[in-house]
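These protein sequence lines map, in sequence, to chains A and B.
When we follow UniProt numbering, the leftmost residue of the first sequence carries the number 1, and every step to the right adds one.
When we follow UniProt numbering, the leftmost residue of the second sequence carries the number 1, and every step to the right adds one.
Mixed in with the good hints, there may be bad ones.
Stated by the list, open to error - The calculated lysine-lysine pairs, modelled on DSS-like cross-linking and capped at a C-alpha distance of 30 Å, are:
id	chain 1	residue 1	chain 2	residue 2
1	B	K86	A	K112
2	B	K44	A	K276
3	A	K276	A	K302
4	A	K564	B	K86
5	A	K437	A	K106
6	A	K20	A	K74
7	B	K86	A	K375
8	A	K375	A	K112
9	B	K44	A	K106
10	A	K433	B	K130
11	A	K104	A	K507
12	A	K433	B	K79
13	A	K375	B	K111
Stated by the list, open to error - Short, incomplete list of chain A residues facing chain B, as computed with Cβ under 8 Å:
id	residue
14	P374
15	G394
16	K401
17	E404
18	P592
19	S594
20	E597
21	G615
22	G616
23	E619
24	P621
25	N709
26	F710
27	E723
As the list claims (entries may be wrong) - Far from chain A by the CB rule (all over 12 Å, computed), these chain B residues:
id	residue
28	D19
29	R20
30	L22
31	E42
32	L51
33	P58
34	E59
35	E90
36	N93
37	P119
Calculated from the structure, these hints are not laboratory results.
We put the CB at the ideal spot given by N, CA and C, even for glycine.
Listed below are the residues making up each chain.
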Amino acid sequence: MDHRKVLHEQFVADNETVDKWIHSTCNLCSVGCGTDIAVKDNKIIGIGGIDEHPINKGRLDPKAKYQWIPNNSKDRLLTPMIRNDQGDLEPASWEEAMDLIVRKAKEVLKDKGGDGVAIYSTGQGFLEDYYTIGKIGRAGMETHLLDANTRLCTATTEWCLIESFGSDGVPTSFDDVDEADTIMLFGHNMAETGTVLWDRILRRKKATGKPYLIVVDPRRTPTAKEADLHLDLNPGTNLALLNAIQNKIVNNEWIDHDFINNHTIQLDELKQEINKWTIAKASQITGLSEEKITLAAEKLGKTESLVTTTLQGVYQASDATTTCLAINNIHLMRGLIGKPGCGPLHMAGQPSSSGNRTVGGVGTYPGNRNPNNPKHIQDIAALWNVKEEDLEIGPNKGIIKQLELMEKGQIQFFWNIHTNPLVSLPNQERARKALEKPFVVVQDPFLTETTEVADVVLPPAMWGEKEGTMENADRTINVLRKAIEPPNGVKTDFEILVEFARRMEFKDRDGNPLIAYSTPEEAFEEWKKVSAGRPCDMTGMTYDRLEKENGLRWPCTADNPEGKTRLYENHFFNTEVDYCQNYGKDPYTSRPLSREEFEEMNPNGRAVFKVTRFGGPTEQPRADYPFWLNTGRLIWHWHTRTKTGRMPEMEKEAPEAFVEINADDARNLAIKDGEKVRIVSPRGNVEVPAKVGNIMNKGEVFVPFHYGNFDGEANANEMTMDEVDPLSHQPVLKHASCRLEKIGK
Amino acid sequence: MHAAAEIAYHLRIVQGLADRVLDRMPVWENTMEERFTMLLQEKKEAIQIILNGLRETPEMNDEIHKNLHIVYKGDKAEKLIFEQWKRVAEQNNFVNSDELDWLEENFQEMKKELKEAVPSIHEFAGGWEKTRFIVPAQYRE
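So that you can see chain A by itself, here it is in the shape it has in the complex (with noise of 0.2 Å):
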């Protein structure tokens, strides 16, 4: 039945009617846009945007437009495949399949233990399937080698509000988008990696002249191009510029003294470390002018009210956590959180990557539970019903740390769950030999660049074809009904799961089946158990309620049934010892601080000023390899194109990659726009044609991450780096060191 009237944008098939809409969620981008599905004879054909939701209100993003596109394509696997003795994939069962991966498991958890077996996951599953990832893979295998895609994409989101504020979970909302004088995008080209969102506070923008826009982002992106003011400072420099500008808000007594004594710790120390952060100094360093760079200061000194958003030219830069953390720092001493149109909105790039943080298939235990204090590890024993010593602290692998595992002959059974690595992990050589060692096993609607390794393929069901929950950017679940049935031969990612953990035979302590639960919502109502009194609590959620209301935040608990806005309106954060997700690391050296160490800092409800001290890139242009390398995204495609590759009207936008090179290097190397280009790395090199203009800066050039195959086609991460931030591990893909060599037509 249809059961809106009006629908702010469709996207039928030609020629179609529709027999009815299903309550959805958009599946590419972390905005989370409601969406209804359009469904006729069991066949998806065509999706609406929700005029009701208050995260989209009817709008979507181009490439949400074409999401169902891919599930009616004719190369879809519809059985598992198997490889053979001659080394070819074969259709199998799933009978076959399922016996030979549990076989493995059990022959490498008996030889290696937990340490022999990873899942590495993604962010564009839903909470149960997660959530299932978590408790299979701590309390089945016990393992501590869970890891996800989120790795490349979130990882220092998490940290940083750990560092910060006590747990994960981002301070604001999307609604203080509206609410905000001032907002500063920070490595956050918004106008091609959330649209709906940058739609929205354009709109505001051109309605009433707020917010005042700050774009730091080394290219004129299209997000630039509508800053105020746009701050293009040199690669691997973040951190120069918000440490001298963090020293002149605090020289200039633009600080609010009542919330730091009040509701902080530390800033004299972090005040020893940005002393010597003069304006000057960031702009040597930055490449921008010191009239910028104060302009920048004096604005974000003296808004009433800031939201500061960041993304992958954060968290995949040098410095990754540290320049987050200097973001809260800033919010912290002009007291800009916990109210309307403030505080740092950390985004993720991923539909539901936040998700896999909350429920603990990656990175910390369930419910922002810390992996180092014996009572939360006791809590979920208790609510597991499993022994405590059976269950791995770890501490938790990083993906690029597994490559390293595997090449040692460590990790023997890796399952990787909805992403594509030999697309998408740096430095792509290495990973393609590490990934030839372990027996794998690809959970995939599609044959991608990663299958060509893999010992056994499961063909999942896609978007619309099952039931569970996603948490977007700003803590919003949304649930996402099931629309039609998979394809005959198809099985849900969590109908997998479970049938891995009863083939496994995993047990409670009384001899019970660990996965008790047989529904996505029976799932979801044993997760809300373990969420309990935590941060993340969604004891107030239902399946029900989260179509009604179309998304609710957490927390939302029987006493705060609407959810929470924004977090820290007290001005209390998630930082006493014993409710804290974790004690923290040295932000310099990364090492981790123990209970006691901790405890001495004593911030027992108080935000923590961290020392932010800069570090800058490895690798730096030189002689023999003259430029910056930066990669990122195009608006018209999500990651490896495993999707948005099927949807013909993106493709016709962007079917290849390319690079943007500066108008003075083009002509310095006789370059023209639209000539074959070699770009060579210390680890590897590409061919690309050329587009030549001012998007970049003299001595810089980007190339999309989109593309690769074994064919040739090419790939930007043969030629980034397999360095990490220390902190969150997220790998460094935003500046290498490259030459360009002209190649001609």
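Starting from the known structure of chain A, fit chain B onto it as the hints suggest.
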């Protein structure tokens, strides 16, 4: 050997290895090298506090617990940073391979000694539940 003596034996070796590496620094000065150098220095100092503590009161106390944490968690952090420093150095031919191999051997030797000390730490601390929050998983097997 008594557990405390066994721990001291391994930690002294680690301290010596850390000294050898620190004496070699700087090799290729950059942020990563600075980080693992600071961690090595911190680890050395923590070991000295533990050794002093073991001499005075050969039983687990808060000071020894805290510094064992610094040693083990620091060693883990240092390995991650060293390994990537080494990769970037190799990719760019900034440091000769003999030097890199020598450094790698010393870092691995430190890890090996710390792993060998783990059973004694369990015994010294009075059980697994007291030490698994100090000793990372991959040092325990």
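We went through each hint and held it up to the structure:
Note on B:K86 and A:K112: the hinted pairing holds, with a Cα-Cα distance of about 27 Å set against a maximum of 30 Å. Restraint check for B:K44 and A:K276: the C-alpha separation of about 29 Å stays at or below 30 Å, so the hint holds. As the CA atoms of A:K276 and A:K302 are separated by approximately 22 Å, the hinted pair is consistent with the 30 Å bound. Distance check on the hinted pair: A:K564 and B:K86 sit about 46 Å apart at the alpha-carbon level, beyond 30 Å; violated.
Simply put, A:K437 and A:K106 have alpha-carbon atoms about 18 Å apart, close enough for the 30 Å limit, and the pair holds. Under the criterion of a C-alpha separation no larger than 30 Å, the hint pairing A:K20 with A:K74 is consistent with the structure, at around 24 Å. With a C-alpha separation of about 38 Å, the suggested pairing of B:K86 with A:K375 is violated against the 30 Å cut-off. Under the criterion of a C-alpha separation no larger than 30 Å, the hint pairing A:K375 with A:K112 is consistent with the structure, at around 28 Å.
Restraint check for B:K44 and A:K106: the C-alpha separation of about 41 Å exceeds 30 Å, so the hint is violated. Note on A:K433 and B:K130: the hinted pairing is violated, with a Cα-Cα distance of about 39 Å set against a maximum of 30 Å. Among the hinted pairs, A:K104 with A:K507 is consistent with the structure: their alpha-carbon atoms are about 19 Å apart, no more than 30 Å. Between A:K433 and B:K79 the alpha-carbon distance is near 21 Å, which keeps this suggested pair within the 30 Å criterion.
This hinted pair checks out: A:K375 and B:K111 have alpha carbons roughly 29 Å apart, not beyond 30 Å. At a threshold of 8 Å, the smallest CB-CB gap from A:P374 to chain B is about 7 Å, leaving the interface hint in force. The interface hint given for A:G394 holds, since its Cβ lies 6 Å from the closest Cβ of chain B, which is under the 8 Å cut-off. Contact between A:K401 and chain B, as hinted, is supported at the beta carbon level, the nearest pair being about 6 Å apart and thus within 8 Å.
Interface restraint check for A:E404: the shortest CB-CB distance to chain B comes to about 6 Å, inside 8 Å, so the restraint holds. The beta carbon of A:P592 is positioned within 8 Å of a beta carbon in chain B (closest approach about 4 Å), and the interface hint is therefore held. The closest approach between the C-beta of A:S594 and any C-beta of chain B is roughly 4 Å, which is under the 8 Å cut-off, so the hint is satisfied. Taking 8 Å as the C-beta cut-off, the interface hint given for A:E597 holds, the closest approach to chain B being about 7 Å.
Hint status for A:G615: holds, given a least beta-carbon distance of 4 Å to chain B, under 8 Å. Annotation: A:G616 was flagged as interfacial toward chain B, and the flag holds, the nearest CB pair being 6 Å apart, inside 8 Å. Because the closest C-beta pair between A:E619 and chain B is about 6 Å apart, less than 8 Å, the hint holds. Because the beta carbon of A:P621 sits about 12 Å from the nearest beta carbon in chain B, more than 8 Å, this interface hint is broken.
Taking 8 Å as the C-beta cut-off, the interface hint given for A:N709 is violated, the closest approach to chain B being about 23 Å. Taken as an interface hint, A:F710 does not check out: its beta carbon lies about 22 Å from the nearest beta carbon of chain B, beyond 8 Å. For A:E723, the interface hint holds, since its Cβ comes within 8 Å of a Cβ in chain B; the closest pair sits about 5 Å apart. With a cut of 12 Å on Cβ distances, B:D19 stays outside the contact zone with chain A, its closest approach being about 18 Å.
Here B:R20 stays apart from chain A, with its beta-carbon at least about 20 Å from theirs, past the 12 Å limit. The Cβ of B:L22 sits about 14 Å from the closest Cβ of chain A, beyond the 12 Å cut-off, so the non-interface label holds. Here B:E42 does not stay apart from chain A, with its beta-carbon only about 7 Å from theirs, under the 12 Å limit. For B:L51, the shortest C-beta to C-beta distance to chain A comes to about 18 Å, beyond the 12 Å cut-off, and the non-interface label holds.
Look at B:P58: its CB is around 20 Å from the nearest CB on chain A, clear of 12 Å, so calling it non-interface holds up. The claim that B:E59 lies off the interface holds: its Cβ sits roughly 17 Å from the closest Cβ of chain A, which is beyond the 12 Å cut-off. Distance check on B:E90: its Cβ comes as close as 9 Å (rounded) to a Cβ of chain A, failing to clear the 12 Å threshold; non-interface status is violated. A beta-carbon of chain A is positioned within 12 Å of the beta-carbon of B:N93; the least distance is around 8 Å.
Distance check on B:P119: its Cβ is at least 17 Å (rounded) from any Cβ of chain A, clearing the 12 Å threshold; non-interface status holds.
Of the numbered hints stated above, those contradicted by the structure are hints 4, 7, 9, 10, 24, 25, 26, 31, 35 and 36, listed in ascending order.
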